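Chains as they are written, first to last, in our numbering: chain R, 4 to 147; chain V, 4 to 204; chain Y, 4 to 234; chain E, 12 to 233.
Please note that a few of the clues may not be correct.
[As the list claims (entries may be wrong)] Here are the simulated DSS-like pairs of lysine-lysine, each with C-alpha atoms no more than 25 Å apart in a straight line:
1) V:Lys64 - V:Lys181
2) Y:Lys117 - R:Lys68
3) R:Lys68 - R:Lys83
4) R:Lys101 - R:Lys83
5) R:Lys68 - R:Lys101
6) R:Lys9 - V:Lys115
7) Y:Lys117 - R:Lys139
8) V:Lys115 - V:Lys181
9) R:Lys139 - R:Lys101
Hints are computed from structural coordinates only; laboratory data are not their basis. Keep in mind it's a predicted model, so treat the numbers as computed, not measured.
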Amino acid sequence: MKPRHKRLAAIAFGLAALGIATALVLSAFEKNLVFFFTPTQVVANEAPQGRTFRIGGMVQTGSVKREGIEVRFVVTDTAKSIPVVYSGALPDLFREGKGVVAQGQLGADGVFRAREVLAKHDENYMPPEAAHAVEKAQKTLQLK
Amino acid sequence: MLEAADLRCERGGRVLFERLSFRLGAGEFLRVSGANGSGKTSLLRVLCGLLTPSRGSVRWKGEPVAALREEYARQLVYLGHAPAVKGDLTAEENLSIACTLAGVAASRDAVKSALARFALPDDVPVRRLSQGQRRRAALARLALSGGVPLWLLDEPFAALDAEGIERLGALLSGHAEKGGAIVFTTHQDPGFAATRTLELA
Amino acid sequence: MKWFWYASPQTFYPLAGRIARWSALGAAVLAVCGLYIGFFVAPTDAQQGEAYRIIFIHVPAAWMSMFIYVVMAVWSALCLALNTRLSGMMAAALAPTGALFTFIALWTGSLWGKPTWGTYWVWDARLTSELILLFLYLGFIALRASIDDPRRADRAAAVLAVVGVVNVPIIYYSVQWWNTLHQGASVSLTRAPSMAATMLTGMLVMALAFWLYAIAVSMVRVRCIIRERGE
Amino acid sequence: MLAAARCVVYRDLLLALRRRGDVAVALLFFVIVASLFPLGIGAEPNLLRSIAPGVIWVAALLSSMLSLGRLFAADYDDGTLEQMLLGAAPLGVVAAAKAFAHWLVAGLPLVAIAPLIALQYDLGAGLWGILALSLLVGTPVLSLLGAVGAALTLGLRGGGVLLSLLVLPLYVPVLIMGAGAVEMAAAGLGGGGQLLVLGAMLVLAAAFAPWAIAAALRISLE
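Sequences are here, hints too, so could you generate the full structure?
Structure, rendered in structure tokens:
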């Protein structure tokens, strides 16, 4: 083989390897490779049974109830929702309607017993006035 | 065949040699001599392509060796300072593996006769052999490398007895007569005439 | 042709000095402006209150940590392919700054994580891969430090830098590929930034300041390396 | 080209056979490290079951790294490595063969004895398969990446510690995916996703690491 052919063969070989690897990774993403599970996955029994795992979603508006040191709330991904019990301090950014990730175990009664609750905020940053305006606009849209 | 042009070599910030040029044709010997630390080994390593010179180039049949790589490697035998034999393997295993790696076809019989030529036992791990015998085990490769044109040998005569030196001398002369080219380093008199001597200061 | 002329350390040396001076000046001015915008002009965030203001340091530092690694890998690839002296020196000069920015990104990130997420550290994909990046920088520096011959050090570290560059896209895309606790990117090329204009300005000014700082420091460092090797 | 690769593998296996002790030490190290955790953490079965995949993978990773130092060092000392550089086959092929031989000696036995450790950790027999499979796909990646580090640190002072500093960060993704596969399987979800990612890593490492090893060897031998 001439050096030029060799180089071409090497490049083709490298590209083929990249292609195979990409295909493998893409098909892997159709399976479970996650930091947390969504309520839909939990309801569909795609989350671990009898083990510690994380669920993530939104705190349903109006679902937070405090009973002594215990806090009950519902995590939802708008399609399905999971009730959660947690006792301990909540992070400052824990709000209704905002993102949350909770680590714990799913009880037999379908209630998720969280040992740790973390707030997940989104990538939007805006002053309060703008946030109000956005909320208002969304509400008017919903009303229409 | 082998051509060195304006070579310069630095090791650890010290210039070992510079403006070194020579040509070596078929059937020629080049003896490189010089004090310890004068760069004999470095020159050989530059010639075989293990070391990149900081200036200048080495050419084989007109082509720079850096571009030829394995094709150049197939045309040469380099025997370095370290014997390149494995203590846990027998001389026979060592030799046949070395030949396979170098791309030299060597049958079992050829390997055995090469070892016999250097009076080496073929079924003892090299670890149990003496220093001089280990040296011979490395040199035995030359007996199978008749078809390889360029031999680069680093201190081939070191640790050999009178008989071994004679045998090696005969092998080298034979190779040169068949049109091979040889570069070897030594700080002692080899006992036979080299075509050319290169003195490194 | 001019490029090759500047590729020699001797001719690059005075140029590096000039670049270093001007970049340092620019970095100082922009950092003052950026911090002023960040802490006095930019409004409070609707969700996070004042805590979000750490993005003016965290985000530019995280960008730089990845970007410097890529630049370092490019110089390293040049060093391996063309065997030019300056490229190895440039890679060497960038590494400590990259490691510093990685450390700042991790440190400010954990300070930000406590008030917002409720934890200093979680092992999610982005945090873990950023930590690996820090280790890669440290490995690069350690490998260089343990090789005496500078040319060999350049080339050996270059191999490591090129091998490690796989990690950078993993960090950058981790928040899209996995459900991480870390939020997605606020600024990207494909869509409008999801932050208020003054906040964005502050962040971009700070990013520019970090850029100039990185350039200034690496130029000073490359001058030291050139002098050290007596070129 | 293939003859040279076969020859390198044959030679390294022969050497390993003549020095069985070294191979046994690495295996013993694996078993001992894995056995230390129950002693240090306490033998609570549920806890052990949940840390088992991670512990076994970490032990495998450390034991595979332990034998990396020898991968090129002996050949470097006695001059054989120079001869490989000057061999008839491209250096990348030789490098791949060396890494493959390292895996046969240091990786494959781990796959075989991992179920034994799994037994100690009370990991269900149904998980042995996926544990062995994840090690089977993952340990070659360790050998390939490790060989890059071993080639870079050849002949350096403090090479052993430096080697671990260079190699361990590169090992992290393999560890995460390998242990993750077993963990997901233990949770009843099947570790297929992680195994596929491990497979992708193997393909990438097998295709590109030999080039990096070859480049590193050339640099280290200058």
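Here is how each hint holds up against the structure:
1. For the hint pairing Lys64 of chain V with Lys181 of chain V, the CA-to-CA distance comes to about 18 Å; that is within 25 Å, so the pair holds.
2. Restraint check for Lys117 of chain Y and Lys68 of chain R: the C-alpha separation of about 24 Å stays at or below 25 Å, so the hint holds.
3. Annotation: proposed proximity of Lys68 of chain R to Lys83 of chain R holds, straight-line Cα distance about 19 Å (limit 25 Å).
4. Proximity of Lys101 of chain R to Lys83 of chain R is assessed by CA-CA distance (about 16 Å); at most 25 Å being required, the pair is judged to hold.
5. For the hint pairing Lys68 of chain R with Lys101 of chain R, the CA-to-CA distance comes to about 16 Å; that is within 25 Å, so the pair holds.
6. Restraint check for Lys9 of chain R and Lys115 of chain V: not satisfied, since their Cα atoms lie roughly 37 Å apart, outside the 25 Å limit.
7. For the hint pairing Lys117 of chain Y with Lys139 of chain R, the CA-to-CA distance comes to about 30 Å; that exceeds 25 Å, so the pair is violated.
8. Restraint check: the Cα-Cα separation between Lys115 of chain V and Lys181 of chain V comes to about 23 Å, which is no more than 25 Å; the hinted pair holds.
9. Restraint check for Lys139 of chain R and Lys101 of chain R: satisfied, since their Cα atoms lie roughly 17 Å apart, inside the 25 Å limit.
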